[in-house]
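From first to last, the protein sequence lines are chains C, V, W and U.
Per my numbering, residue 1 is the first one in the first sequence, and the count goes up by one each step.
Per my numbering, residue 1001 is the first one in the second sequence, and the count goes up by one each step.
Per my numbering, residue 2001 is the first one in the third sequence, and the count goes up by one each step.
Per my numbering, residue 3001 is the first one in the fourth sequence, and the count goes up by one each step.
Think of the hints as simulated: they come from the structure by calculation, not from any bench.
Be careful, since some hints might not be right.
Footprint (simulated), chain V over chain U, 3 or more residues, beta carbon under 8 angstroms [unchecked claim]:
| hint | stretch |
| --- | --- |
| 1 | 3031-3044 |
| 2 | 3230-3239 |
| 3 | 3252-3260 |
Below, simulated DSS-like cross-link-like pairs (lysine-lysine); rule was C-alpha separation at most 25 angstroms, straight line [as the list claims (entries may be wrong)]:
| hint | chain 1 | residue 1 | chain 2 | residue 2 |
| --- | --- | --- | --- | --- |
| 4 | V | LYS1135 | W | LYS2641 |
| 5 | U | LYS3164 | U | LYS3151 |
| 6 | W | LYS2532 | V | LYS1112 |
| 7 | W | LYS2405 | W | LYS2427 |
| 8 | W | LYS2381 | W | LYS2310 |
| 9 | U | LYS3072 | C | LYS5 |
| 10 | U | LYS3255 | W | LYS2229 |
| 11 | W | LYS2243 | W | LYS2350 |
| 12 | V | LYS1028 | W | LYS2660 |
| 13 | C | LYS48 | U | LYS3062 |
| 14 | W | LYS2613 | U | LYS3072 |
| 15 | V | LYS1118 | W | LYS2381 |
| 16 | W | LYS2310 | W | LYS2350 |
Short, incomplete list of chain U residues facing chain V, as computed with Cβ under 7 angstroms [to be verified]:
| hint | residue |
| --- | --- |
| 17 | PRO3194 |
| 18 | MET3195 |
| 19 | LEU3272 |
| 20 | HIS3274 |
Just so you know, these numbers come straight off a predicted model, no measurement behind them.
Backbone N, C-alpha and C define an ideal beta-carbon position, used for all residues, glycine too.
Read off the chains here:
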Amino acid sequence: MIDYKNVLTTCPYCGTGCALHLQVLDEKLVGVLPAKNHVVSEGGLCIKGWNVHAFVNHPDRLTTPLIRKNGKLEEATWDEALTLIADKFGEVKTASGPDSVAILTSAKCTNEENYLLQKFARAVIGTNNVDHCARL
Amino acid sequence: MYEPKIIGFLCNWCSYRGADTAGMARMKYPPNVKIIRVPCSGRISPELVLRSFREGADGVILLGCHIGDCHYATGNHRTAKRMPVLKKLMEYTGIEPERLYINWVSAAEGEKFTTVIKEFTETISALPPFVETMK
Amino acid sequence: MKSKKKPQERVGVYICHCGSNIAGVVNVEDVSTWAGKELEKEGVVVARDYKFMCSSLGQELIEKDIKEQGLTRVVVAACSPHLHEPTFRNACSRAGVNPYLFEMTNIREQDSWVTTDKLEATKKAKSLVSAAVGRVVYQKPLESLFVPIDPNVLVVGGGVTGIQAALEIANSGQHVYLVEREPSIGGHMAQFDKTFPTLDCSACILTPKMFDAGNHKNITMLTWSEVEKVEGYIGNFTVTIRKRARFIEESLCTGCGVCWEKCPKKVVDDVFEAGLGYRKAVYTPFPQAVPKYPVIDHENCTYFQKGTCKACEKFCPTGAIKFDQQDEILTVKVGNIILATGYDLFDARKIPNYGYGRLPNVFTSLEFERMTNAAGPTMGKVVLRDGVTQPKSVAVIHCVGSRDKNYHNYCSSICCMQSLKFAHLVKEKTGGDVYQFYIDMRTPGKSYDEFYQKIIHEGVNMIRGKVAEIIEGEGGLIVQAEDTLVGKQRRIPVDMVILSAGLESRADAKEVAQKFGISCSADDWFIERHPKLDPVATMTDGVFVAGACQGPKDIPASVAQGAAAAARVLSIIGQGEIEIEAATAMVDEITCVGCKQCVASCPYQAIQFLEEKGKAYVQEALCKGCGTCVGTCLPKSITLKHFTDEQIVAEMIGAMRVMKSFEMTEVA
Amino acid sequence: MTDRLTTLRKTIENVLPNVEGVLALRIGPGGITAPHLFSKEHSEELDKLALWPKEPVPDTLKIILRAHPDAKLAIVCRGCEERGIVEMFKHSQLNLDNLTLIGLQCEQDEAEFCRCAKPFTVHSKLTVGEPIEGVPDPLTAKIEAMSQPEKQAFWKQEFEHCIKCYGCRNICPQCFCNICALEDETWVETGRLPMPNPSMYHMVRAMHMTAKCVACRECEETCPADIPMAVHFRLIARDVREMFNYEPGASMDQKPPQLLVLEEGEYERSGLPH
């Protein structure tokens, strides 16, 4: 039995929002096909979009957070990583004030994620230092 | 007036020897052509010709054994079928097709070799430098 | 993605003065100083110029530098590589650098001798040296491949050429498979009566050779057989041969002839007797046939066609008739192959105005040969088609189908002499008048022109002119031609006309050529490797051609070629193994997509397709290194060693860079 | 007369029991179409069968066959796609014994959209719709009629738009190499946009499409810069037809001419010196 399906999704790379089909063969991601009658991309993709499937099963892909201990990156759990980040932000904020922190958000994030990040900057850290890679 | 830069791909068995024959007879021709020796004109893929233009060659000349006299029996038949298509493509993209020239020169034809090189150098000299046209 | 990093090599550059041949025009000192400085970043560590690089002192200079300076690559700018590439390759080899890591650039034939302006010549030399340096760093060491030679030889065709070749090889102690498609060896020569110019009896000189071949311990005779398939390459051919059923058990047959005496079925023999005589359904083509075993002609045998008769079986004293015999498929291994497949006679029916086939007393040359043969259908009597009347006058027409743009452009080479021989035989046997119609008389051969003179003195009428037409009239035939020497139309009444038909390639020559991987000319003659210097070899190593299959020729020339081909084969066998071109093509199995385009494009059928892997594979022993496949391969999975894309591109860039730099300095 | 969609659905239903799947277009979420492998287990999906826009179905076939080389499949193909499949077969990329072709004849507006000269199938045993005549290609004619400097300027501008997404190569049914010459630095310069003129990428690709391009125009369709590259392929295809009497996809056994020796008259037509 051949199990082939296309999964319609949005390209995760930039803010354009190109639509693409992920080609899934026997439960494995094998390719990308642009979506021809989608209003945004009209069947076109850039080289990144054409290769979005490539990193998913790539052997070099990171699957856990890494924390540098004694100059060496070591695998860690999300709890460890998030705790470490919160501690360090706290330290910086206490020592140098909230404006010593800046948040750079990304076009790879969804609208909701970007909203959350500015909320985090303003309400949690207490700074207006928020910016975005697609702000031109 | 500029000095055109020309790359010549010559087959080892006929045309390269034809160029040697021209030399032995002390026939004079312009120094613009730099000859690259290949076993057979069939070895030259269109990519090699295109890369030569890409590097700034003003003209590319490809010489092989006469049809029927190929050292490799029918290697040059493939040249005769591939290169006209490349010339057409050049024409369609707006590159003067005369920048690529294909002919057959036997080991004995020193005089033909000299004539061909002289005429080709003249043709290319009459065209603007390739890099200028591509700017 | 392939990413290319420039290799780090230590290059030595040597510029030859060639006395004043180069130095008189090119400023060689300037070139070598320039190379040492400007090409340093390309890897040049030594740059020298020297009076005569090819002299032993010049070569020692290179060898010394290799050892002392640790050179890994060598460039010599001198004369044509066709002259001294081997010299310098050997020098490199002696000093421990693989000969394929040497590159030669031609600044004599292609620079100093052809350029007038000294400055321009020097600039050209610089860009040529730069090109060679650019290339040489990408060159890879190569080793020649040696393949052992199977000493067995296949000879295809049992005419006089094939017999000669087979005997030469067999006498030297090597084994020969001699394949012939007719029931007996002998070929066309066995059909002839006399041979020109000596007029000795054809059978008398051929039969002993046939007998020797038939009884030679080193010859396996495979008559009534045809080659079906040839695989492999020089030294290692595997040949599949179909041995057609004779319906005769060879081990039992004594060749006594009872079977064909008793056979009730008479058949017109249009092969050996050219349609003039008869044979039986079980037959040997002629009494001296070798081997002596007959064959049963399946199409005409009453038993095979109607299911009853078996007269031969009834009378055979040894029980050798085997009606249930089947074709046998044999596979033999040989190292070399000689093709001596001969020729076909031009079909004179194609020229309707000569009336052959329509006018009974127009004969072909082959028919006349049989007629004059004492063992032939008329017992050697020259008679008209009625079998009794002796002709009083005979016309012999030359160049029938030859030297004629409607048929064959070439000269069939033997017809002039053959026609003169016919004239002599007619005179000798009938005493009648003979008229020769010729275009040009061509008698270049030992004692050939003397023969021509002798025939003229016998009172033969020579008319220079092409015959327009032969018609019936005045109780016989009328030959209409223009006599170009007197400028008049001639109408000559004769009783008999002999058409000296030309030779043409075998009807299946193309097919045979394809089977053996060789090529045919426009007229389907097999093409030799070089028309003058290598007349019996072909472009396919290990496959030789001899005799009339390569082009029309007479018996002495055919025999000479047979022996020559044998000598070439023996010289290969004597080497034991053979060196194979090192610069062959190579398939990268990882990137090959199995599209088979290269397989179709190879002029030598050297690329195999491995079905189980779905990849192409180059048989190195067959590859001649032309690189046609490389130009064809789209993913660039095929590389031609020593002429790789990166080597050629580096050479081109090397030349372009210098040309561009001169352009810049001139503008500045 | 029933419409093509109904007939096609019926044809697929008939074929489904005998094959492992039928490749055709399906309307997916949001009305977005994509190639789909219909199976007998889920024949209800045929409700979502679609005809247009034309999608690179042979490309999907290629992907499936890489993992399942012996799969017994059927494919709905238009004229161009059928030619693409024939060429894939001739390049040993698939086995036609295992593939049932369901030919879908294009309609006038579809053919005009593609400027297609052959909007019909010739090899498919099963066909849906009535074959129509080819339509002219005004764009190709317009570009061909330009003068040499105009062409030069036109293509320079077009190629400057190229963002080197490699989409035209990715989507092409005839690009099936594992490693592509266009990714080799020897032929195509890396890291430069707009790419230098003349564009090695487009020139090399055009040469590789010689005697291979089946004029499906998928490359133009997917190009985010709207480069009319198929114009080159079509002009060259015409020359190859005139010089060497060869048309990609037309015959099952005719080999691409550039691989073979010269035939009678071909040299004379090639325009090379005598």
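Evaluated hints:
Given as covered by chain V, the stretch 3031-3044 of chain U fails the check, having 0 residues with a CB less than 8 angstroms from a CB of that chain where 3 are the minimum. Requiring three or more residues with a Cβ within less than 8 angstroms of a Cβ of chain V, the coverage given for the stretch 3230-3239 of chain U holds, as 5 such residues are present. Under the rule that three or more residues need a Cβ within less than 8 angstroms of chain V, the assignment of the stretch 3252-3260 of chain U holds, with 4 such residues. Our distance criterion of 25 angstroms between C-alpha atoms is broken by LYS1135 of chain V and LYS2641 of chain W, whose separation comes to about 36 angstroms.
Between LYS3164 of chain U and LYS3151 of chain U, the direct Cα distance comes to roughly 21 angstroms. Compliance with the 25 angstroms bound is thereby established for this hinted pair. Of the supplied pair hints, the one linking LYS2532 of chain W and LYS1112 of chain V holds, its CA atoms being roughly 23 angstroms apart against a limit of 25 angstroms. For the hint linking LYS2405 of chain W to LYS2427 of chain W, the alpha-carbon distance of about 33 angstroms lies beyond 25 angstroms, and the restraint is violated. With a CA separation close to 35 angstroms, the supplied pair LYS2381 of chain W and LYS2310 of chain W exceeds the 25 angstroms bound.
In summary, the hint linking LYS3072 of chain U to LYS5 of chain C is supported, as the alpha carbons are separated by about 18 angstroms, within the 25 angstroms threshold. For the proposed pair LYS3255 of chain U and LYS2229 of chain W, the alpha carbon gap of about 23 angstroms is at most 25 angstroms, so the pair holds. Restraint check for LYS2243 of chain W and LYS2350 of chain W: not satisfied, since their Cα atoms lie roughly 34 angstroms apart, outside the 25 angstroms limit. Taking the CA atoms of LYS1028 of chain V and LYS2660 of chain W, the gap is about 23 angstroms. The hint holds against a cut of 25 angstroms.
For the suggested pair LYS48 of chain C and LYS3062 of chain U, the alpha carbons sit about 22 angstroms apart, so the restraint of at most 25 angstroms is met. A distance of roughly 21 angstroms separates the Cα atoms of LYS2613 of chain W and LYS3072 of chain U; the hinted pair therefore holds under the 25 angstroms criterion. Only pairs whose Cα atoms come within 25 angstroms are accepted, and LYS1118 of chain V paired with LYS2381 of chain W is rejected, the gap being roughly 69 angstroms. The hinted pair formed by LYS2310 of chain W and LYS2350 of chain W fails the criterion: a straight-line CA distance of about 41 angstroms is larger than 25 angstroms.
With 7 angstroms as the threshold, the beta carbon of PRO3194 of chain U stays out of range of chain V, its nearest partner Cβ sitting at about 12 angstroms, so the hint is violated. At about 10 angstroms, the closest approach between the beta carbon of MET3195 of chain U and any beta carbon in chain V exceeds 7 angstroms, and the interface hint on this residue is violated. For the restraint placing LEU3272 of chain U at the interface with chain V, the shortest Cβ-Cβ distance is roughly 6 angstroms, inside the 7 angstroms limit, so the hint holds. For the restraint placing HIS3274 of chain U at the interface with chain V, the shortest Cβ-Cβ distance is roughly 10 angstroms, beyond the 7 angstroms limit, so the hint is violated.
Hints 1, 4, 7, 8, 11, 15, 16, 17, 18 and 20 from the list above are not met by this structure, while the remaining hints are.
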